[in-house]
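Visitor: Residue-level listing of the chains:
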Amino acid sequence: MGLLDFRKSTFKHGVHPPEHKEETNGRPIRQFPFAPLIILPMAQHIGAPSQIVVREGQEVVRGQLLAKAGGYVSVPLHAPISGTVRKIANVPTISGKMSPGIYLEAFPASSQEVLEGTPVDVDTATPEEILKGIQDAGIVGLGGAAFPTHVKLKVPEGKTCDILMINGIECEPYLTTDHRVMLEQADDIFTGIRYLLRSTGAGRAIIGIEANKQDAADHLEKMIPEGMPVSVKVVPVKYPQGSEKMLITSVLGREVPSGGLPIEVGVVVVNVATTAEIGRLLPHGRGIQERVVTITGPAVRKKGNYLIPVGTPLRYVLEQVGVDENISEVYMGGPMMGVAVSNLDISITKGTSGIVAFTEKDVKRADKVYPCIKCGACVDACPLSLNPSKLGILAKFEAYDQMAEEFHLMDCFECGSCSYVCPSHIPLVQYFRLSKSIVRKRNAAKQTNGNAK
Amino acid sequence: MLNRTLNISTSPHITRGIGTDDIMQNVVWALLPTAIFAVYSFGMSALLVLVTSTAACVLTEHFLCRLSKKESTISDWSAVITGLLLGLTLPPNFPLWMAFCGGVIAIALGKSIFGGLGYNVFNPALVGRAVLQAAFPVAITTWFPAFPDNRFFTVSSSTFAAPFMEPTVDAVTGATPLSAFKFDHVVTPTSELALGLITGSTGETCAVLILLGGLYLVARNMMNWRIPVAILATVYVLSGLLHLVDSQAYPPPLFMLFSGGLMLGAVFMATDMVASPITPLGVVIYGFIIGLLVVVIRIWGGLPEGVMYAILLANAISPHIDNWIQPRVYGTSKSAKGI
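Line by line, the protein sequences are chains B and X. Per our numbering, the first sequence starts with residue 1, numbered consecutively. Per our numbering, the second sequence starts with residue 1, numbered consecutively.
Among the hints, erroneous ones may be present.
Claimed, not checked - Result set (EDC-like, lysine to aspartate or glutamate): computed pairs, CA atoms no more than 16 Å apart in a straight line: (1) B:LYS368 x X:ASP322; (2) B:LYS368 x X:GLU71; (3) B:LYS154 x B:GLU128; (4) B:LYS222 x B:GLU255; (5) B:LYS364 x B:ASP345; (6) B:LYS396 x B:ASP411; (7) B:LYS441 x B:GLU398; (8) B:LYS302 x B:GLU319; (9) B:LYS154 x B:ASP187; (10) B:LYS364 x X:GLU71; (11) B:LYS368 x X:ASP246; (12) B:LYS302 x B:GLU325.
To be verified - Label pairs and their in silico Cβ distance ranges: (13) B:VAL369 x X:TYR236: 49 to 57 Å; (14) X:THR332 x B:ALA399: 36 to 44 Å; (15) X:PRO319 x B:LYS159: 52 to 60 Å; (16) X:THR332 x B:ASN449: 27 to 35 Å.
What the hints assert, rightly or not - Far from chain X, some chain B residues (derived; all Cβ distances over 12 Å): (17) PRO33; (18) PRO76; (19) LYS87; (20) GLY227; (21) GLU264; (22) GLY338; (23) LYS364; (24) LEU384; (25) GLU414.
Calculated directly from the structure, the hints in this document are not laboratory data. Since this is a predicted model, take the numbers as computed values, not measurements. Note that the Cβ used here is the ideal one computed from N, Cα and C, for glycine as well.
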């Protein structure tokens with residue numbers, strides 16, 4: 001952040017959707033009431049589902065292990081509340097698929113004391129012990145991806161990590177969870193950074209923050225512990241800067257190779273709320289029980305940032321905050337990449353960073369899809385410099401192989417900037433999601449055929 | 001209250017809120033000052049030409065949509081642009097029946113035959129004009145002088161010429177600055193060119209208003225500014241070099257920029273989104289080709305003006321430019337599909 005830093009610290013292209021963050025960014029995090037019945041799907045992270053270790057009718061204490069990791073790319077699940085395992089059955093999830101899960105009934109008058117496990121000492125633990133501690137705490141990326149954090153932190157053989165990037169960008173409109181976490185949980189964040197520096201072997205950490213959260217940047221800068229190799233970097237506001245690749249380019253000017261991970265350029269990126277969670281849980285050997293969720297949007301009455309137990313049903317959440325009677329759409333995550341909810345009986349999971357609700361009049365649905373007029377707005381928006389116009393035309397012709405081989409379809413991370421700007425209202429990113437899944441299936445089929453021969 | 005059925009849709013759930021019809025409408029607004037000035041300087045005849053060509057385009061589009069049993073697409077406003085642009089490239093005293101034919105051809109052969117908006121290879125208005133130029137070479141190169149007396153109440157004698165009859169030509173016709181230079185070596189002062197105190201086709205005379213319309217569209221992010229800049233820069237530099245070599249034989253560069261249909265073509269015709277390349281480098285190459293062709297045709301060609309053919313040729317090359325030039329994809333060392 002020196003005066004001599006002339007390089008424009010942002011990535012190429014991107015879009016500027018209206019932020020709507022002022023509606024909740026001044027509201028401190030508040031504890032949400034405990035729901036009488038919570039629903040815990042075992043598949044609430046990327047990877048293998050957790051495996052249930054309790055039985056129906058068993059009484060569990062808050063923080064007790066309910067399910068163990070189902071493999072390396074998986075995490076355990078802890079009881080978010082003290083109560084009774086009412087039922088073990090398939091439960092609905094956001095994707096529309098059912099997942100094995102647990103219905104947990106809260107003890108009506110429990111103190112909700114938390115059970116603690118084996119602490120991980122930051123000064124004596126080995127990197128492997130820290131990674132194990134992070135997995136045991138059930139930690140996944142809280143920014144929305146819900147990818148198991150210990151997998152991401154594992155620096156592959158032969159690679160080194162020189163910079164630990166803490167992601168405090170939060171570029172999705174409406175969401176303010178990371179903003180509040182940075183303002184209110186600075187100590188946890190820095191404790192988390194100590195664990196992360198130790199486990200990755202990185203020489204220093206940079207906290208990347210967008211300019212619309214200057215107060216958080218100033219606060220963290222002030223709170224940096226004596227002698228800790230951490231700096232704060234403020235970058236201009238632009239969507240989708242919170243994507244790992246864009247953040248690395250904005251802050252460091254490095255470009256992650258196509259198809260590669262950030263470690264290829266010596267960087268590991270961790271979300272700031274995830275970092276705070278690590279700093280809070282590991283010293284006590286606890287598991288993750290709750291997370292901060294922004295509940296906002298024009299259809300929500302009591303907008304705010306709430307600390308909500310994992311598994312709290314969405315219906316209960318909306319009943320507590322109150323919604324407009326004309327509520328018509330509910331998104332989990334922000335409006336750019338979030339998923340529209342069809343069923344209010346799904347629950348808050350570890351990856352739920354926000355709930356945004358719109359009424360009918362807030363939704364500007366394209367009444368008409370025009371042909372592509374080659375205006376190039378999508379080309380100017382795509383943060384990866386793909387050619388969405390061409391990809392969209394090829395998708396219509398079902399030329400999926402050409403899309404992947406000549407036009408880098410598989411690099412698309414579905415930020416939705418192309419659809420956002422398209423004047424012809426062509427659902428480009430949806431085309432690409434479908435095309436990507438078809439290419440993935442074809443590749444998998446090719447592989448099985450190859451193995452069979 | 002929570003028993004309502006929720007709508008589901010795929011992300012993103014918000015859009016920028018600018019539609020294709022908004023863009024087209026704004027292009028029409030941007031053309032209005034030029035059209036109003038045309039009526040001011042050439043009077044009733046110019047107004048009739050503009051109304052006729054626009055009506056022809058809109059009616060043809062509507063009729064052809066009906067014929068192919070599709071919903072009419074006139075509400076996207078693109079036919080209005082084609083009609084206005086065609087009218088602006090015609091002489092103010094152009095016979096109306098010819099202007100009407102031009103409008104029908106522009107939409108039918110320039111646009112609908114390729115599949116309508118988004119699929120046309122060439123700028124439809126220029127297709128219409130090219131056919132008119134081939135069919136009626138005399139009428140399309142006969143201009144009456146700007147600011148004639150009583151222009152708002154009388155029309156040129158050729159305006160209402162009956163179809164397929166030799167139109168009676170006005171006694172007084174004006175030479176455009178380009179033909180004056182080409183054939184008599186007279187250089188019109190740049191200030192007169194910029195302010196539109198000259199004769200020419202209805203909409204090509206006032207460079208200042210054309211630029212103003214272009215700036216409006218650029219400010220609203222509805223026009224690719226690189227295209228006019230590349231064209232005008234190429235024309236300026238190439239003709240400037242020639243002028244340095246021989247200032248008698250070759251016109252001064254500013255004269256080249258402000259005369260003829262170059263401004264109108266560079267700002268409103270070459271920027272047809274559908275018929276121009278999509279990548280930043282691609283449009284610069286496209287603009288360079290247009291600029292080069294304009295200079296070559298104007299200086300060494302048999303015609304005084306070459307903007308129309310320059311743009312049409314570049315339109316034809318544009319899909320190939322898009323095939324060759326792809327943006328360099330993030331995280332790759334070369335473009336997805338190298339040159």
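Visitor: The structure should be examined with respect to each hint, and the outcome stated for every one.
Guide: Hints, verified against the model:
no.: 1; hint: B:LYS368 x X:ASP322; result: 27 Å, violated
no.: 2; hint: B:LYS368 x X:GLU71; result: 12 Å, holds
no.: 3; hint: B:LYS154 x B:GLU128; result: 9 Å, holds
no.: 4; hint: B:LYS222 x B:GLU255; result: 30 Å, violated
no.: 5; hint: B:LYS364 x B:ASP345; result: 26 Å, violated
no.: 6; hint: B:LYS396 x B:ASP411; result: 19 Å, violated
no.: 7; hint: B:LYS441 x B:GLU398; result: 14 Å, holds
no.: 8; hint: B:LYS302 x B:GLU319; result: 10 Å, holds
no.: 9; hint: B:LYS154 x B:ASP187; result: 24 Å, violated
no.: 10; hint: B:LYS364 x X:GLU71; result: 23 Å, violated
no.: 11; hint: B:LYS368 x X:ASP246; result: 56 Å, violated
no.: 12; hint: B:LYS302 x B:GLU325; result: 14 Å, holds
no.: 13; hint: B:VAL369 x X:TYR236: 49 to 57 Å; result: 41 Å, violated
no.: 14; hint: X:THR332 x B:ALA399: 36 to 44 Å; result: 20 Å, violated
no.: 15; hint: X:PRO319 x B:LYS159: 52 to 60 Å; result: 43 Å, violated
no.: 16; hint: X:THR332 x B:ASN449: 27 to 35 Å; result: 29 Å, holds
no.: 17; hint: PRO33; result: 17 Å, holds
no.: 18; hint: PRO76; result: 30 Å, holds
no.: 19; hint: LYS87; result: 22 Å, holds
no.: 20; hint: GLY227; result: 35 Å, holds
no.: 21; hint: GLU264; result: 9 Å, violated
no.: 22; hint: GLY338; result: 6 Å, violated
no.: 23; hint: LYS364; result: 6 Å, violated
no.: 24; hint: LEU384; result: 4 Å, violated
no.: 25; hint: GLU414; result: 8 Å, violated
In terms of the numbered hints stated before, the structure departs from hints 1, 4, 5, 6, 9, 10, 11, 13, 14, 15, 21, 22, 23, 24 and 25, listed from lowest to highest.
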